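Colleague: What follows is each chain in one-letter form.
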Amino acid sequence: MTKATPTLTLSPWPKRWATLRYVVAENPLSLAAFLLFALLVLLALVGPWLAPFDALASNVGAPLSPPSGAHWFGTDALGRDILSRVMVAARLDLGIAVAAVGLSCVLGGLGGACAGYFGGWTERIVGRISDTIMAFPLFVLAMGIVAALGNTVANIVLATAIINLPFYIRVARAESAVLRNAGFVEAARLAGNSEARLLFHHIIPNILPPMTVQISLNMGWAILNAAGLSFIGLGVRPPAAEWGIMVAEGAQYIVSGEWWIALFPGAVLMLAVFCFNLLGDSLRDLVDPRRRT
Amino acid sequence: MLATILKRLLGAIPNLIGVIVVTFLLTRALPGDPAAFFAGPAGTAEAVEEIRVKLGLNKSLPEQFLLYVRDLSRGDWGNSLATGQSVLTELTTRLPASLELTLCGLVLAVVIAIPLGILAATRPGSWIDHLCRGIATAGVSLPTFFTGLLLAYIFYFLLGWAPSPLGRLDPYLSSPPTVTGFYLIDSLLVGDLDVFVGAAKQLILPAVTLALFVLAPLARMTRAAMLGVLSADFIRTARAAGLAPTTVLFTYAFRNALLPVMTTLGMVFSFLLGSNVLVEKVFAWPGIGSFAIEALVASDYAPVQGFVLTMALLYVFLNLAIDIAYGLVDPRMRIDQ
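Chains as they are written, first to last, in this note's numbering: chain A, 1 to 293; chain B, 1 to 337.
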């Protein structure tokens, strides 16, 4: 599974471009996913300025009015514009996921790289931490962590980062355990480089490609988890706009037929997760064609 | 064979210890001072000190851990502030509801995913292969709480096929006498078909919601494992020897492909138990998940900790069961002993 690394680090740009074109042609959905990704990033960056109404202002329209020309996604029970709220929420949702996955990748990557490179007790301790996290149903562990540390957005990020740690540890450990004995690492060691230098200049740069794939595969799941936590009332507090909490607000109106309150934020959440999952799959195909399933 | 089971049992002990240590740390990480929290805003300094001694918070952390383990083993999991009942009783009365839902979801997912995966693997590139791929990618992208609401809207509000998505049984039906706690089984035991049908109707939508979510990894894994096995030499030999295609497919290929599928069951259970909480909230299902959510919203910590511990123990035992079954199914595991 590690043999794919050279294709990414050694192949010249034009060849990679051709591979990218091949992947897109093979799976046209990848292109759609990429466009959707660009849109989501745009919303996260400038969403509040693009939104037609103030996301927090009540009574910008009649309460509970269905989608119309003035309010494309309708309004909620307080008369807030749902389209604006969905657009503004992109920043918070993606922000939580990016922060959590980033934290997880750095900690898990370092831990896993040390475990794979040094072996011995480092490997045992890191492995034990990873096994203990995996011994829990992950969403339940996240609930427990947020409940114990306090009901804040920062703790949602922390909990999501912790439950994602094992995946990064696993990838980094497997990759660096193989690289440890690679010829160029031996050569660098014989040339008198310190262990820390070997780890940071020779091992870690080479485990970045598989880690990137792991990040993109993980991102959708992180968004889903954070939204799930806020759906059950953890982390984000009303009236903040966030997809999970908006679905929760609309849930009670579903049985009386006001579908738009929960549908639009839920559908956007679903599209965002779908987009990240597709991108993750295409990126994996690009980096390691043999792991396609 | 007994040795295999014993070895697996021993292998689960580190995980069990890990789970208990983590839940203990979570109880001690309560925001602020737990003693001050339990004394309430009106608590005087003496009251706080008294509670501190009573809770054992004046002792060292390892001592507190031993006390915690002792309380757990005695069945003292604390009390729920909202109902005043012992957490352990609350959890055990609600656990069957959650288990019934989870198991139905799992069975439904397995029944759909495995044939789908096999069909996709035997006809690569066909429409069923694309369907399997589509479901696999879309399925993991579905937020369970959103699919649940969507299904409730379509099948309850628009079509009127499903009963109102609230609870395990219609209010006008009385619940069957508790034997197993599973309404489907209990109602059959007393021969009450009305209750059985009523309970099944309430169960369908939440179970489908859960199944949709875990369908994806199962179908994907079945397909990948079948593809791998079908290209193996022994399959070619079997085909060349003129064995019937169904014999090759089921006796030769499927039994071998089952092993990697069984290993993913662990991950599937993790998903299932997690999304169970969300589905219970959407359908007002009176299981341990919705109990924990109510407690969370009310800042009632003992039930939440009890819930996390129950779920984790359940998960450890499920993984153990998978491990044992794996050892029994795979003959190579028996020879290795």
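Mixed in with the good hints, there may be bad ones.
Partner residues are not named here, just some residues of chain B that face chain A (Cβ under 7 Å, in silico) [unchecked claim]:
no., residue
1, I13
2, N15
3, T122
4, R123
5, G134
6, S141
7, P143
8, L273
9, L296
10, V297
11, V304
12, V308
13, F317
Hint data in this document are derived by calculation from the structure and do not stem from the laboratory.
It should be emphasised that the depicted structure is a prediction, and the values quoted were computed from it without experimental measurement.
Virtual Cβ for every residue (Gly too), placed ideally from N, Cα, C.
Colleague: State the violated hints by number, sorted upward, taking the hints as numbered earlier in the document.
Modeller: 1, 3, 4, 5 and 13
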